[in-house]
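K.L.:
Here's the letter readout for the chains.
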Amino acid sequence: MDFFNYLAMIMIVSCTSIVQEEVKVSSVSFESATRGGYKSITMYERKVIINTNHSAESFLLKAGDLDQFSAVISELELTSLGSYHVPNQDRHRDAAWHSNIVVYSEDSISYQSQTFDNDQAPAELQELMELFTDISIKYNRGKKLF
Amino acid sequence: MKKILMMLTASVVFFAACEETQEVSKLDQEVAVDMSDFYAHTDDGDANGRGEAKCHSMHVLNKQLSENPGLYDKMYNIEKNARKFMNAKKPDGVGGGNGGGGGTDPVDPVDPVDDGLGSISIPVYVHVIYANSQENISDAQINSQMAVLNADFAKTNGDAGSIPSEFAGLAADTDVNFTLAGVTRKSSSTTAWGTNNAMKKSSQGGVDAITPETHMNMWICNIGGGILGYAQFPGGALETDGVVFSPQYCGSSDFDTQGNFFLDAPFDKGRTATHEVGHYLNLRHIWGDGRCRQDDFVADTPSSDAPNYGCPSYPTVNCKSTDMTMNYMDYTNDACMTMFSEGQKSRMRSIFAAGGPRATML
Numbered sequence: 001m002d003f004f005n006y007l008a009m010i011m012i013v014s015c016t017s018i019v020q021e022e023v024k025v026s027s028v029s030f031e032s033a034t035r036g037g038y039k040s041i042t043m044y045e046r047k048v049i050i051n052t053n054h055s056a057e058s059f060l061l062k063a064g065d066l067d068q069f070s071a072v073i074s075e076l077e078l079t080s081l082g083s084y085h086v087p088n089q090d091r092h093r094d095a096a097w098h099s100n101i102v103v104y105s106e107d108s109i110s111y112q113s114q115t116f117d118n119d120q121a122p123a124e125l126q127e128l129m130e131l132f133t134d135i136s137i138k139y140n141r142g143k144k145l146f
Numbered sequence: 001m002k003k004i005l006m007m008l009t010a011s012v013v014f015f016a017a018c019e020e021t022q023e024v025s026k027l028d029q030e031v032a033v034d035m036s037d038f039y040a041h042t043d044d045g046d047a048n049g050r051g052e053a054k055c056h057s058m059h060v061l062n063k064q065l066s067e068n069p070g071l072y073d074k075m076y077n078i079e080k081n082a083r084k085f086m087n088a089k090k091p092d093g094v095g096g097g098n099g100g101g102g103g104t105d106p107v108d109p110v111d112p113v114d115d116g117l118g119s120i121s122i123p124v125y126v127h128v129i130y131a132n133s134q135e136n137i138s139d140a141q142i143n144s145q146m147a148v149l150n151a152d153f154a155k156t157n158g159d160a161g162s163i164p165s166e167f168a169g170l171a172a173d174t175d176v177n178f179t180l181a182g183v184t185r186k187s188s189s190t191t192a193w194g195t196n197n198a199m200k201k202s203s204q205g206g207v208d209a210i211t212p213e214t215h216m217n218m219w220i221c222n223i224g225g226g227i228l229g230y231a232q233f234p235g236g237a238l239e240t241d242g243v244v245f246s247p248q249y250c251g252s253s254d255f256d257t258q259g260n261f262f263l264d265a266p267f268d269k270g271r272t273a274t275h276e277v278g279h280y281l282n283l284r285h286i287w288g289d290g291r292c293r294q295d296d297f298v299a300d301t302p303s304s305d306a307p308n309y310g311c312p313s314y315p316t317v318n319c320k321s322t323d324m325t326m327n328y329m330d331y332t333n334d335a336c337m338t339m340f341s342e343g344q345k346s347r348m349r350s351i352f353a354a355g356g357p358r359a360t361m362l
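Protein sequence lines, in the order shown, are assigned to chains S and E. Oh and the first sequence: position 48 is 48 in our numbering, straight run, nothing missing. Oh and the second sequence: position 263 is 263 in our numbering, straight run, nothing missing.
Misleading hints may appear alongside valid ones.
As the list claims (entries may be wrong) - Once the Cα atoms are required to be at most 20 angstroms apart in a straight line, the calculated SDA-like pairs of lysine to any residue come out as: (1) E:Lys201 <-> E:Thr179; (2) S:Lys144 <-> E:Thr195; (3) S:Lys143 <-> E:Gly224; (4) E:Lys74 <-> S:Pro87; (5) E:Lys74 <-> S:Asp90; (6) S:Lys144 <-> E:Ala192.
Unchecked claim - On the chain S side, residues computed to face chain E include the following (Cβ under 8 angstroms): (7) Thr34; (8) Gly36; (9) Arg46; (10) Asp90; (11) Arg93; (12) Ala96; (13) Thr115.
To be verified - Quick look at which bits of chain E chain S covers, simulated, 3 or more residues with Cβ under 8 angstroms: (14) 229-243; (15) 268-281; (16) 285-291.
Worth flagging that the hints you see were computed from the coordinates, not collected in a lab. Bear in mind the structure is a predicted one, so any value in this text is a computation, not a measurement. We put the beta carbon where it would ideally sit given N, CA and C, even for glycine.
Extracted from the complex, chain S is given alone in its bound form (with noise of 0.2 angstroms):
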C-alpha cells in the first residue's frame, strides 16, 4: 500500500497550452540548512524520517499523523509550489536557515518550493510547515527540530 494513497493534481503550463495531469505522491520532505547545519524531516513509506546533522532516526508514522499529512498533500497544488511568494531574504546574509520544502511523485519528479527561511514559509505552505513541526516535536523525544 502507498504511503499517500490518494491522487494530487498539477497543472503544465507552458506559453501556448495548458494540461492536467494527476500524480501520485511518494514522500514529502523538508529540509533546512546552514553553514554549519542540517535538519531534514521526511514522510516516506509510512515512516518519518528525522535527520539532524546528517545523523538519521526513522520511526513509524502513526495512522491518524498520516491521515493528516495526506488531507494536506492533497489540497496541494504542486506545479505552483515553486512561485509561493516567499515573504523574507535573511537567509541571503545568514541570518536565517535555508528551508524548502519536495514533493516526490512515484515516477521520480520532484516538486520543490522555493528556497524560504526557516521560520518564514509561503502562505500557501503555513499548514503543511505547522504539520512537519508537530511531528517532529512528536517523534522527536519532544525536542523542536526547527
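With chain S's structure known, arrange chain E on it following the hints.
P.N.:
The following block gives chain E in isolation, referenced to the frame of chain S:
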C-alpha cells in the same frame, strides 16, 4: 470546480507574468548599464522541470517590487552603481564609463585596470558581549581574527597555494585591509541573541554601533539557533550596520599558541568573519541563493545551484561547470575556503566609489 478555477487563475497569472517581463526589459533599455538580470529577492523557481519557471520567477519579482518599491529601488541603485563601476574597469570599456583609471594597477599586476580607489582601509570596532568567561574572548583571539581578515582579503593566506589551477588565476588581492579601532566588552545575562539585531542596541541590552558611517562594527556574542554569523548588506540602517558572529567562530586556531582560544572546529580558522564581511561589502552567496540561472552578479564565479558543505572534492560539478567551492562566499568548512575572485574584488570595491553606499568610509 476548485481545481478548474485555480487552473484558469494560474493561466491568467502566467500570461500576465510574461507581459511584465517584457515591461521590465523596456525599462532596462533606458539605462546604459544592463540590469536585466537583477533580482532583489527571488529564487529561480525551476521547481518542476516543466519549463515554465522563468515567467513564474518574474511574476514573483514584480509582485515584490510592487509591495516594497522603496527597498527595491535602493537595492537596484546600489546594484546599478556597482555595475557602472565594474564596467568602467573593464579594459574594453564596456559600459561606457572611464572609472578612475585606465592604466595597469600598480598594486596587483594581474588586475588590468586601476580603479583609482587605492588601498582601502576599514577601521573596525569589536563589541564582545558575553554571558560567561569563555565567551569573553581574549584580545589575542580578536587579533587573530583581524590577521585572518587581512590575509584573506590580501591573498596572503597560507592556504592560497591549494587553489586549483582552474581558479588560481582568478584569486584576488582585494587591496582592502582592516585595522582594529577599539574593543568594547559587556557582560550580559542573555545566552542566545538570535538574529533580530538586539545585540546592536543598548536599549535591548546590547551595544550601540560606533560611527558606522566610517567604521565597520563587529558584534561577537552567542547567536544560537545554529547560526554561526550574519551580516547586513550595504544600504541598510546605519544603527544595525555591521557583522555579527558567535565567539567560538572568531579568530583562528593557527594563532592559538597558548591553547586557550575558545573555538569550535571545523569553523575555527576565522573564515566565518571573512564570509560575513564579504556580505557587508555587497557580495552575495556564490550560488546566487537560487538555482543554476540565478547569479551572484559576479562574472568570473561559475554558476551553481546550491551551497557546498564540508570539504568538497575537486572538481565538484554543478550547472555544467566546476563549482568554485573554495570561495569564501560558499558554505564549506573554514579550512577549505581560500579565495575571493577578481570579479568579487571589483564588486566589493565598487561600493566605496563616489555615489556608492560605503563611499563615506574612505
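K.L.:
Determine for every hint whether it applies to the structure shown.
P.N.:
The hints, checked one at a time:
1. E:Lys201 <-> E:Thr179: Answer violated: E:Lys201 to E:Thr179 is near 23 angstroms, above 20 angstroms.
2. S:Lys144 <-> E:Thr195: Holds: S:Lys144 and E:Thr195 sit about 18 angstroms apart, inside 20 angstroms.
3. S:Lys143 <-> E:Gly224: 16 angstroms, holds
4. E:Lys74 <-> S:Pro87: 18 angstroms, holds
5. E:Lys74 <-> S:Asp90: 17 angstroms, holds
6. S:Lys144 <-> E:Ala192: Between S:Lys144 and E:Ala192 the Cα gap is close to 16 angstroms, so the pair holds against 20 angstroms.
7. Thr34: 6 angstroms, holds
8. Gly36: With Cβ-Cβ at 5 angstroms, under 8 angstroms, it holds.
9. Arg46: For S:Arg46, the interface hint is violated, since the closest Cβ of chain E sits about 26 angstroms away, which is over 8 angstroms.
10. Asp90: 7 angstroms, holds
11. Arg93: 5 angstroms, holds
12. Ala96: It holds, given that the least Cβ distance between S:Ala96 and chain E is near 7 angstroms, below 8 angstroms.
13. Thr115: 5 angstroms, holds
14. 229-243: Per the Cβ count (5), the hint holds.
15. 268-281: holds (count 4)
16. 285-291: holds (count 3)
Comparing the model with each numbered hint stated earlier shows that hints 1 and 9 do not hold.
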